[in-house]
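Student: Let the hints inform the model, and build the full structure from the sequences given.
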Amino acid sequence: MSDPDVDPTGLIHEEEVWVEEVHAARRSSRLPRLLVLALIAAVVLAIPQVVDVVYINVVSRAAIYGIIAVSMNVLVGYAGQASLGHAAFLGVGAFASGYALTDLGMPFGAALVVAALVGMAAALVLGGVALRVSGLYLALVTIAFGLFAQETLFNIRFLTGGGAGQTAPRPELFSGPVAYAYLCIGVLGLVLLFDWRLTATRAGRAIQALRDDERVAASWGIDVTAHKLMAFIISGGIAGIAGGLFASIEQIVSKEDFGLSLSITFLLMTVVGGAGNRWGVVQGGVLFAVLPTLLDRTHENFHVFPFTELTATWEPAIGAILLLLTLTMFPGGIAQQQGALLSWLGGGPFKRDPDAHTPAQGGGMGARP
Amino acid sequence: MPAPDVDDAVLETDSVSIRFGGVQALSDVSLKIGRGEIVGILGPNGAGKTTLFNCVSGFYAPNRGRVRLFGEDVTDLKPEERAQRGLGRTFQQVGLVRSFTVLENLVVAQHASVRSSGLASIVGAPSALREERLLRQRADDVLEFMGLTAFRERRIGGLPYGTLKMVEVAAVLATDPSILMLDEPLAGASGEEGSAFCDRVEQMRSELGLSIILIEHHVPLVLRTSDYVYVLNFGAMLAQGLPDEVRDNAEVAEAYMGEGASTLA
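Here the protein sequences line up with chains A and B, keeping their order.
Once you know that position 304 of the first sequence is 304 in the working numbering, the rest is easy, because the numbers rise by one and skip nothing.
Take any residue in the second sequence, count from 1 to its spot, add 1000: that is its number in the working numbering.
To be clear, the hints were calculated from the coordinates, so they are not data collected in a lab.
Where a beta carbon is used, it is the ideal one built from N, C-alpha and C, also for glycine.
Be aware that a few hints might be false.
Said to hold, decoys possible - Here are the simulated distance ranges between beta carbons:
| hint | chain 1 | residue 1 | chain 2 | residue 2 | range |
| --- | --- | --- | --- | --- | --- |
| 1 | A | G162 | B | Q1092 | 57 to 63 Å |
| 2 | A | L117 | B | R1115 | 24 to 30 Å |
| 3 | B | R1019 | A | F194 | 47 to 53 Å |
| 4 | A | S175 | B | G1118 | 33 to 39 Å |
Tutor: Laid out in structure tokens, this is it:
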């Protein structure tokens, strides 16, 4: 309606240029893009081969944190809900998988399905409460949920093994640490594929629409309650799978592994990665998974100040600094810093979308995977 | 004041009243909209126009009174259930998904009409992908109807206010409503744009077969476009009638322009 030329901010012109560039990029060849994607995939797949065997479990952990980041992203990035109790979903998944493997003698794949189902059930309970509260109150409820799970659920001795922990043997085919790292990376790939398709479906779009404005979503005929619950359940299911994989890294888990600080780490890695962007949050997850090891290695190898003082105990402080830097300089997190690259890989121009820098930037409808 | 006799009413409110704390926001508001009618709602700021929209679309539950859509009592239904029955509305504050593009907004808005199962969509079954293309096609048709094709790929966050109001109308049209409730669609528009929009409202009736309720501050445009006009003041029905009758109503003129005024436009 209004004449676009008279916009004093210059934003409109920038946007028009952007749209033209998107069209031009779509007309151009796909080959270079596919080559770079193949290169990235090759590097990721080479990691378990080249990493020192001492650190191979860190690779598995990084892939699992990537899965957790996708789970967090569905809830925090897409649906716009707070979660400070995500370690609980990881925990129920881990103990369910361990119980299924050890006490029920189920095969690994079936145990992962059990972990996913239990994660979904836990999320349904939390989601049912979360429908009644929002914002700060929701954050408090999720903290309470996490503490309740840790102090009550995870003390049920026959399920969790009490203080001794629950054993969770790896599957025979992936019993070696390198093979298990590949299994975790493979599951991360499947979860990302699921997440990409989710954002291209009716339900995935509806979840993102209600994040921005529940009233508008309802006025378009979207059942807000059902889709918010669905976001919780999907998120819980993915976290449950991550828990199942997590349990078998060291092949034993105990309730000490699932404290409040872990939940905070999960939220930090989602925000620092860039809530709403699947590639960003996965990188955030990987970063926070390797951070303690990275700090320890730096400490051991550089004998000059300040590295002499640096240990893994600095991790929370570094997480907090990263969070502050993200919120003040790059609200879109890692995904925003890589905006040009991610745009190009998704079929757009090698340039950041001029309007894609809000913190809760959606993955759109999945047109750019 | 009872509502007029209308054959084939698609939307009806019957003595709707709502109170917020000590404020009686609506008292005994009754109106009827016939099939294919364009009805204007006038009233000064704070008269209760948007509150009435919220009661009709289900965001507020009236303390008293009933709301009927196509003869069905929907007073106890949720907003999304009313939307699924063909009631579309816009918001005074722009009702769009900020982080999506224009096209994406129009695709989400078609939520209720999607038939593919979640499983078929997740695995990308051919039927689901075909339906996705149809959704985009329909979104494009609506954009063309509204003259917004140029904005197809733009993100909501970067568009000027007047354009957003039109994109919002397009998104509601994409829900395929039978009744369209427009809340100040011309806020942020120039006089010329207002005139063009009124032609488009007429087109929505004739080409899309919609029944339309229009809240708008631009009185001459409302009088020109509407078949029938209701005037609210302090939450109560002050007057109603054909546009000419309302224009010459001294009470209405006084509510709008203060004591001594005798005609509205």
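Student: Hint by hint, say whether it matches the structure.
Tutor: Here is what the structure says about each hint:
1. About 58 Å separates the C-beta atoms of A:G162 and B:Q1092, a value consistent with the hinted range of 57 to 63 Å.
2. Checked against the given bound of 24 to 30 Å, the beta carbons of A:L117 and B:R1115, roughly 28 Å apart, stay inside it.
3. For the hinted restraint 47 to 53 Å between B:R1019 and A:F194, the CB-CB distance of approximately 48 Å keeps it satisfied.
4. A hinted range of 33 to 39 Å for the beta carbons of A:S175 and B:G1118 is consistent with their spacing of about 35 Å.
In summary, this structure violates none of the numbered hints.
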